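> Take 1 as the starting number for the sequence shown in the UniProt record's numbering and just add one per residue.
Please keep in mind that the hints were generated in silico from the structure rather than gathered at the bench. Careful, some of the hints might be misleading.
Think about it this way: if two alpha-carbon atoms lie no more than 27 Å apart in a straight line, the pair counts; the simulated DSS-like pairs of lysine-lysine are [as the list claims (entries may be wrong)]: (1) K526 / K462; (2) K462 / K506; (3) K376 / K462; (4) K13 / K193; (5) K520 / K506; (6) K437 / K552; (7) K506 / K526; (8) K462 / K520; (9) K552 / K506; (10) K283 / K10; (11) K13 / K283; (12) K10 / K193; (13) K13 / K192; (14) K506 / K437; (15) K434 / K552.
Here are the simulated distance ranges between beta carbons [to be verified]: (16) V207 / R116: 45 to 51 Å; (17) T275 / G157: 40 to 46 Å; (18) E549 / T490: 30 to 36 Å; (19) S273 / H486: 29 to 35 Å; (20) Q160 / T11: 51 to 57 Å; (21) A243 / I394: 20 to 26 Å; (22) A243 / V269: 39 to 45 Å; (23) H6 / A483: 45 to 51 Å; (24) A231 / R164: 33 to 39 Å.
These figures come from a predicted structure and were not determined experimentally. Glycine included, every Cβ here is placed at the ideal spot set by N, Cα and C.
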Amino acid sequence: MQLLNHISTKTIKGDLFGGVTTAVIALPMALAFGVASGAGPEAGLWSAVFIGLFAALFGGTPTLISEPTGPMTVVMTAVIANLTASNPDHGMAMAFTVVMLAGVFQILLGTLRLGRYIIQMPYTVISGFMSGIGCILIVLQLGPALGQMAPPGGVMGTLQSLPRLVDSMRPLEVALAAITMIILWATPQRFKKLVPPQLLALVAGTVLSVTLFPALGVSGEGIRRIGEISAGFPGVQMPFFGASEWRLMLTDAAVLGMLGSIDALLTSVVADSLTRTEHNSNKELVGQGLGNLVAGLFGGIAGAGATMGTVVNIQVGGRSALSGIVRAVVLMLVIVAGSGLAARIPLAVLAGIALKVGFDIVDWGFLRRAHRISVKGALILYLVIGLTVLVDLIVAVAVGVFLANILTIDRLSRRQSHVVKSISTADDDLNLPKEEKALLDAGQGRVLLFQLTGDMIFGVAKTIGREHNAVGQCNAIVFDLGAVSHLGVTAALALENAVEEAVEAKRHVYVVGAAGTTRKRLEALKLFELLPADHTRLSRAQALAAAVEAIKRQTSARPGGPISA
Numbered sequence: 001m002q003l004l005n006h007i008s009t010k011t012i013k014g015d016l017f018g019g020v021t022t023a024v025i026a027l028p029m030a031l032a033f034g035v036a037s038g039a040g041p042e043a044g045l046w047s048a049v050f051i052g053l054f055a056a057l058f059g060g061t062p063t064l065i066s067e068p069t070g071p072m073t074v075v076m077t078a079v080i081a082n083l084t085a086s087n088p089d090h091g092m093a094m095a096f097t098v099v100m101l102a103g104v105f106q107i108l109l110g111t112l113r114l115g116r117y118i119i120q121m122p123y124t125v126i127s128g129f130m131s132g133i134g135c136i137l138i139v140l141q142l143g144p145a146l147g148q149m150a151p152p153g154g155v156m157g158t159l160q161s162l163p164r165l166v167d168s169m170r171p172l173e174v175a176l177a178a179i180t181m182i183i184l185w186a187t188p189q190r191f192k193k194l195v196p197p198q199l200l201a202l203v204a205g206t207v208l209s210v211t212l213f214p215a216l217g218v219s220g221e222g223i224r225r226i227g228e229i230s231a232g233f234p235g236v237q238m239p240f241f242g243a244s245e246w247r248l249m250l251t252d253a254a255v256l257g258m259l260g261s262i263d264a265l266l267t268s269v270v271a272d273s274l275t276r277t278e279h280n281s282n283k284e285l286v287g288q289g290l291g292n293l294v295a296g297l298f299g300g301i302a303g304a305g306a307t308m309g310t311v312v313n314i315q316v317g318g319r320s321a322l323s324g325i326v327r328a329v330v331l332m333l334v335i336v337a338g339s340g341l342a343a344r345i346p347l348a349v350l351a352g353i354a355l356k357v358g359f360d361i362v363d364w365g366f367l368r369r370a371h372r373i374s375v376k377g378a379l380i381l382y383l384v385i386g387l388t389v390l391v392d393l394i395v396a397v398a399v400g401v402f403l404a405n406i407l408t409i410d411r412l413s414r415r416q417s418h419v420v421k422s423i424s425t426a427d428d429d430l431n432l433p434k435e436e437k438a439l440l441d442a443g444q445g446r447v448l449l450f451q452l453t454g455d456m457i458f459g460v461a462k463t464i465g466r467e468h469n470a471v472g473q474c475n476a477i478v479f480d481l482g483a484v485s486h487l488g489v490t491a492a493l494a495l496e497n498a499v500e501e502a503v504e505a506k507r508h509v510y511v512v513g514a515a516g517t518t519r520k521r522l523e524a525l526k527l528f529e530l531l532p533a534d535h536t537r538l539s540r541a542q543a544l545a546a547a548v549e550a551i552k553r554q555t556s557a558r559p560g561g562p563i564s565a
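With the hints as constraints, model all of the structure from the sequences given.
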């Protein structure tokens with residue numbers, strides 16, 4: 001795996017334009033997410049620089065634009081709130097340490113080549129927790145949009161404080177937030193290609209606030225603003241672990257790392273569809289991890305691949321990692337040269353931008369159609385949304401994946417139960433050669449062909465037991481495994497149990513067709529040791545013939561004579 005990405009000179013014009021354009025889009029978003037997280041605007045800006053730069057240099061998706069995103073900001077907000085409440089003196093340092101650990105977690109995922117498994121989860125779960133995160137972001141920004149500090153206690157704290165927030169809202173800031181959202185929603189599509197609506201809303205809101213209310217200044221009582229931003233390069237934040245918080249920090253890091261990986265790889269899939277290329281998921285996770293590691297080291301919040309920036313980058317001509325590098329350099333220059341101008345940006349404008357992001361994260365299209373596609377899938381979707389908002393992201397994903405897998409296993413098991421057959425008499429619909437049908441007829445119902453077909457997953461074990469229990473008074477059983485593509489452990493144990501019961505009942509038992517991994521698994525269970533050696537090496541036709549012959553000999557030794565051939 002090549003560590004450093006190749007910088008192409010063939011698409012340099014498109015990459016330069018893509019880098020500058022996405023830097024313009026990133027500026028208001030980074031400011032909004034930095035403020036929303038509680039770490040401050042600088043944390044959002046430097047996060048956009050470092051994550052974007054290192055993901056471009058080392059990631060596996062050349063056109064991917066990485067920066068603070070809505071989902072990552074929601075989790076980051078909770079991390080900062082919890083750690084600063086637990087340890088006011090070192091809470092922020094611990095939060096940045098969590099970002100570093102999240103980066104290390106992502107690097108491990110990429111190094112262990114687990115990238116392709118990250119997004120192998122049902123869409124109902126992905127849509128559910130993303131929509132839940134969107135709802136959280138909307139609720140958390142209600143306070144700032146009403147001109148108030150965000151209440152403590154997360155979603156529930158904000159909802160409980162909503163009457164107070166409305167009673168004490170600041171009309172000027174509410175108006176600025178409303179104007180911001182109107183601009184974001186109402187900007188014509190053709191105009192969006194010229195000026196990103198986020199930048200337009202940021203500039204318009206700031207100019208309006210300064211022009212119409214100049215007396216309020218930067219720190220006026222009527223409009224809350226960002227305030228002074230440091231123009232220098234950020235200092236190094238040394239990792240800090242609290243004695244009583246380290247377990248919480250590790251858990252938070254795992255959540256951030258996993259969410260960032262999902263967010264980035266989903267965006268990589270979008271980039272693939274637009275560029276007709278294929279990303280390297282493991283390499284991308286390493287790049288994302290390095291970006292978050294460095295961002296945390298310099299006081300930045302966590303980030304991931306951003307769909308909006310990535311799509312714009314591709315649309316304006318970005319095709320290589322150069323676009324991401326240019327974007328990071330432009331952002332760095334803006335931070336150094338334009339930090340004084342950013343001081344006058346109203347917090348309500350940033351809240352309006354974050355609110356719009358929250359609405360965009362919610363998967364409205366799927367929410368409207370989910371119940372028509374699958375009622376069970378829709379119930380999982382709504383449950384995951386509820387758990388994400390009211391309980392915890394990890395719990396929501398774990399419960400959603402568990403229920404979705406249970407439903408899938410049940411469906412596959414019911415489908416596979418139709419390919420577990422016990423046959424004692426031949427008929428015209430039976431897919432057997434004439435010779436084998438004749439042998440079954442010769443057995444006169446006392447020879448049973450027990451056929452298994454396809455993937456024998458653990459849900460089929462019950463069917464194997466049920467079919468075997470219904471064998472009746474047969475004297476010989478031929479277990480046919482020739483069409484089994486996979487024999488799971490549970491199904492293998494059920495088969496072993498059926499063979500043991502048949503042997504104990506003094507029946508003639510044959511196991512045929514077992515090959516490859518199926519045979520190795522049965523050998524590991526020592527199933528073949530229960531039977532005579534020649535009962536496991538025959539073809540199906542030979543086993544049926546041997547079973548009929550064995551019953552003839554058995555019957556001829558009893559009163560009543562042999563069965564007819």
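> Does each hint hold? Answer for all of them.
We went through each hint and held it up to the structure:
Taken as a hint, the K526 and K462 pair is honoured in the structure, with Cα atoms around 21 Å apart against an allowance of 27 Å. Between K462 and K506 the CA atoms are separated by roughly 23 Å; this keeps the pair inside 27 Å, and the hint holds. With a C-alpha separation of about 23 Å, the suggested pair K376 and K462 falls inside the 27 Å cut-off, and the hint holds. Between K13 and K193 the alpha-carbon distance is near 17 Å, which keeps this suggested pair within the 27 Å criterion.
Using a Cα cut-off of 27 Å, the hinted pair K520 and K506 holds, with the two alpha carbons roughly 26 Å apart. For the suggested pair K437 and K552, the alpha carbons sit about 17 Å apart, so the restraint of at most 27 Å is met. Between K506 and K526 the CA atoms are separated by roughly 19 Å; this keeps the pair inside 27 Å, and the hint holds. Distance hint between K462 and K520 is fulfilled; the C-alpha atoms sit about 22 Å from each other, no more than 27 Å.
A hinted pair counts as satisfied when its Cα atoms are at most 27 Å apart, and K552 with K506 qualifies at roughly 15 Å. Taking the CA atoms of K283 and K10, the gap is about 23 Å. The hint holds against a cut of 27 Å. For the hint pairing K13 with K283, the CA-to-CA distance comes to about 26 Å; that is within 27 Å, so the pair holds. Our distance criterion of 27 Å between C-alpha atoms is met by K10 and K193, whose separation comes to about 24 Å.
Restraint check: the Cα-Cα separation between K13 and K192 comes to about 21 Å, which is no more than 27 Å; the hinted pair holds. Distance check on the hinted pair: K506 and K437 sit about 24 Å apart at the alpha-carbon level, within 27 Å; holds. Between K434 and K552 the CA atoms are separated by roughly 21 Å; this keeps the pair inside 27 Å, and the hint holds. Checking the proposed 45 to 51 Å range against V207 and R116 shows it holds: the Cβ atoms sit about 48 Å from each other.
Checked against the hint of 40 to 46 Å, the C-beta distance between T275 and G157 comes to roughly 43 Å, which is consistent with it. For E549 and T490, the hinted distance range of 30 to 36 Å is satisfied, since their beta carbons lie about 34 Å from each other. Separation of S273 from H486 is about 32 Å and conforms to the stated range, judged on CB atoms against 29 to 35 Å. The beta-carbon spacing between Q160 and T11, approximately 53 Å, falls within the hinted interval of 51 to 57 Å.
A hinted range of 20 to 26 Å for the beta carbons of A243 and I394 is consistent with their spacing of about 23 Å. A beta carbon spacing of about 42 Å between A243 and V269 agrees with the range 39 to 45 Å that was offered as a hint. A hinted range of 45 to 51 Å for the beta carbons of H6 and A483 is consistent with their spacing of about 48 Å. For the hinted restraint 33 to 39 Å between A231 and R164, the CB-CB distance of approximately 37 Å keeps it satisfied.
No hint from the list above goes unmet by this structure.
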